[in-house]
Amino acid sequence: MGQYTQEGGITCWRKLCPLAEGIGFGGQLILLYSCMAYIIILSWALFYLIFSFSSQLPWASCDNYWNTENCVDFTTTNSTFKWTNGTNSTSAATEFWERRVLAISGGIEELGSIRWEVMLCLIAMWIICYFCIWKGVKSTGKVVYFTATFPYIMLVILLIRGLSLPGALDGVMFYLLPDPSRLADPQVWMEAGAQIFFSYSVGVGSLIVLGSYNKQDNNCYRDCLWLCFLNSGTSVVAGFAVFSVLGFMAHEQGIPIAEVAESGPGLAFIAYPQAVAMMPLPQLWSICFFVMLILLGLDTQFVAMEVVMTSIIDTFPRVMRRAGRRESFLLLFCLICFFSQLIMVTEGGMFVFQLFDYYACNGACILFLCVFETLSMGWVFGADRLYVIIKDMTGVQANPFFRICWLYLTPLVSLGTFICSLVEYQPLTFNRWYTYPSWAYVLGWLLALSSILLVPGWALYKLATGSGTPRQRLQYLCQPAVDSPTQTRGTELQSLGAELLQPFMSN
6 MGQYTQEGGI TCWRKLCPLA EGIGFGGQLI LLYSCMAYII ILSWALFYLI FSFSSQLPWA
66 SCDNYWNTEN CVDFTTTNST FKWTNGTNST SAATEFWERR VLAISGGIEE LGSIRWEVML
126 CLIAMWIICY FCIWKGVKST GKVVYFTATF PYIMLVILLI RGLSLPGALD GVMFYLLPDP
186 SRLADPQVWM EAGAQIFFSY SVGVGSLIVL GSYNKQDNNC YRDCLWLCFL NSGTSVVAGF
246 AVFSVLGFMA HEQGIPIAEV AESGPGLAFI AYPQAVAMMP LPQLWSICFF VMLILLGLDT
306 QFVAMEVVMT SIIDTFPRVM RRAGRRESFL LLFCLICFFS QLIMVTEGGM FVFQLFDYYA
366 CNGACILFLC VFETLSMGWV FGADRLYVII KDMTGVQANP FFRICWLYLT PLVSLGTFIC
426 SLVEYQPLTF NRWYTYPSWA YVLGWLLALS SILLVPGWAL YKLATGSGTP RQRLQYLCQP
486 AVDSPTQTRG TELQSLGAEL LQPFMSN
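Sequential numbering of the sequence shown, starting at 6, is according to my numbering.
It is worth saying that the hints were derived from the structure and are not from the lab.
Take these hints with a grain of salt, some might be off.
Straight line, CA to CA, 20 Å or less: simulated PhoX-like cross-link-like pairs of lysine-lysine [unchecked claim]:
id, residue 1, residue 2
1, K396, K20
2, K220, K396
3, K20, K220
4, K467, K20
Across the chosen pairs, the derived CB separations fall in these ranges [to be verified]:
id, residue 1, residue 2, range
5, Y430, L340, 34 to 40 Å
6, E74, L272, 25 to 31 Å
7, V401, G112, 35 to 41 Å
8, G141, F344, 20 to 26 Å
9, M178, L451, 42 to 48 Å
10, V385, G111, 49 to 55 Å
11, Q431, S204, 18 to 24 Å
12, Y430, C233, 25 to 31 Å
13, Q200, P405, 26 to 32 Å
14, E196, R476, 41 to 47 Å
15, S345, G111, 36 to 42 Å
C-beta: ideal position from N, C-alpha, C; glycine also.
Model the full assembly from the supplied sequences, consistent with the hints where possible.
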C-alpha cells in the first residue's frame with residue numbers, strides 16, 4: 006500500500022479508500038501512545054545499564070539501604086532454603102526494581118514525587134531519538150545499520166553463554182515442549198495474535214510508511230517474505246537465549262522453571278538481572294544484555310516516531326515540507342510527549358504505565374483496525390486490483406492464498422479474536438494484588454476507544470459533509486484516486502516550489 010501510493014499512513018487511504026481514512030488516524034494515535042509508553046522502558050534499561058558498571062551489581066545483594074529484612078540474596082549458600090521456606094521473602098532483584106528504580110507507591114491514587122534519576126534517563130533517551138531521526142530516513146537509515154545489527158551480536162553472545170550454564174537444557178526443554186492443554190485456552194491464542202500484530206507492526210501504518218520510501222518497482226513481495234522469516238527467526242533464537250538462562254536460574258534456586266519465568270517488564274528487569282547476578286563476571290553479561298535491550302528498543306522507537314512524522318508531513322505537505330519545519334515539529338513532538346509522560350516517572354507512575362500499555366496500546370485496538378483495513382482493501386478497493394498492482398510493481402504473481410486471506414481469513418480471524426478479547430476481558434490488576442479504582446478503568450477505556458472510534462467517526466463525518474445524495478457520497482468515498490502516486494507527488498512538489506519562489510518572482 007505504501008509503495009504503490011508513495012504516501013504516509015493517513016494520506017494513503019485518500020488514494021485507496023477515502024471512506025477508511027479513519028484507520029490511518031487511529032493507527033497514528035496508537036503509535037503516539039506507544040511512543041509515550043515505550044520510551045519509558047528504554048529509560049529503565051538505561052538506568053540498569055549505568056548501574057551495571059558498578060563494582061558489585063546492586064540487585065545482587067541485600068546490603069543496600071533500600072533492602073528489607075525479607076530480602077533474599079541468591080548468591081549466598083542458604084538462599085534457596087530461605088526462599089522456599091519464607092512466604093514473605095523477596096529477591097534482591099525484585100527489591101531493587103520496586104524500591105530503588107520505581108520507589109513504587111501504594112497505587113495510582115498516590116503518585117508521589119518524580120523519580121529524578123529515571124527522568125534524567127528519559128531525557129537522555131529523547132535526545133538520542135531526536136538527533137537520530139531529525140533529518141528523516143537518511144539519518145535514521147545510517148543509525149539503524151548499527152542499532153539493528155549490533156543486537157544480533159549481543160544476542161549470539163548471550164545465547165552461547167546461556168547454553169553453557171548448568172540447567173540450561175531444562176530451560177530449553179521447557180521452551181520447546183509447552184503444555185498442550187493450554188492450547189484450549191482462548192486467552193493464549195489472543196495473546197499470541199496480539200503479539201504477532203505488535204511484532205510485525207501490522208495495522209498501525211508502520212509498514213505503509215516504510216514502504217512509501219521504496220521505488221515503484223521494488224520487489225515488496227520478496228521483502229515481506231524475508232520480514233516474516235527474519236522476525237520469527239529472531240524471536241525463536243531469542244527464546245533459546247532467555248529460557249536457557251531461566252533454566253540456570255531455576256537450577257540454582259532448586260525450584261520449577263514456571264516459578265521463575267516472568268512476563269512483561271518482570272522478565273527484563275527482575276528475572277534476567279537476577280540470573281545475571283548469579284553468573285561469573287555478572288557486570289559483563291549485564292552490560293551485554295541491557296545494551297542489546299536499549300538498541301532493540303531504540304529501533305522500535307525510531308520507527309514509531311518516523312511513521313508519525315512522515316504521516317503528518319504527508320497530510321500537511323504545504324506547511325511541513327519547508328526548510329527547518331520537520332526539525333522544529335519533531336522537537337515540539339518530543340517535548341509534548343516528554344511532558345505528557347512525566348506522570349509515568351513518579352512513584353505511582355508504574356500504575357499509569359500499565360494503564361497505558363493495557364488499554365491505549367492494547368492488541369484489541371489494533372485488531373479492530375485490522376478488521377476494517379482488510380475489509381476496505383479486500384472488498385472495497387478490490388482483491389483483484391491488489392493482484393494487478395503487485396504484478397505491475399514487482400513482476401511477480403501473488404500466491405492465490407493471499408486472496409483468501411484478504412477476503413475471508415484475515416478479517417474473520419481478526420474479528421473473532423477481537424470479540425473474544427471483549428468476552429474474556431479481565432480488568433487490569435498490578436502484581437495480582439492491586440485493583441485499580443473505577444475512575445482509572447473509565448480512563449483506560451477512554452484511551453482504548455479514542456483510536457477505535459476514529460474509524461466509524463471519520464467515515465460518518467465524510468458522509469455527512471460531502472456533496473450529493475448519500476448514495477453518491479458513499480460511491481465517491483469508496484472510489485480510489487485515479488492519478489498515479491508519482492504524478493500526484495510531483496504535482497504537490499511543483500505547487501510547493503512555485504509557492505516558495507513567488508516572493509522572488511514578484512520582485
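Against the structure, the hints come out as follows:
Only pairs whose Cα atoms come within 20 Å are accepted, and K396 paired with K20 is accepted, the gap being roughly 19 Å. Distance hint between K220 and K396 is fulfilled; the C-alpha atoms sit about 15 Å from each other, no more than 20 Å. The suggested pairing of K20 with K220 holds, with an alpha-carbon distance near 18 Å, which does not exceed 20 Å. The suggested pairing of K467 with K20 holds, with an alpha-carbon distance near 15 Å, which does not exceed 20 Å.
In this structure the hint that Y430 and L340 lie 34 to 40 Å apart at CB holds, the actual value being about 35 Å. Under the hint 25 to 31 Å, the C-beta atoms of E74 and L272, about 27 Å apart, fit the expected range. Here the CB-CB span from V401 to G112 is close to 55 Å, at odds with the stated 35 to 41 Å. The given range of 20 to 26 Å is respected by G141 and F344, whose C-beta atoms sit roughly 25 Å from each other.
As the Cβ distance of M178 to L451 is approximately 45 Å, the hint placing it in 42 to 48 Å holds. For the hinted restraint 49 to 55 Å between V385 and G111, the CB-CB distance of approximately 51 Å keeps it satisfied. The hinted range of 18 to 24 Å is satisfied by Q431 and S204, whose Cβ atoms lie roughly 23 Å apart. Take Y430 and C233: their Cβ atoms lie about 30 Å apart, and the range 25 to 31 Å holds.
Range check, Q200 to P405: about 28 Å between beta-carbon atoms, so the 26 to 32 Å window is met. As the Cβ distance of E196 to R476 is approximately 43 Å, the hint placing it in 41 to 47 Å holds. Between S345 and G111 the Cβ separation comes to about 24 Å, which falls outside the hinted range of 36 to 42 Å.
Hints 7 and 15 from the list above are not met by this structure, while the remaining hints are.
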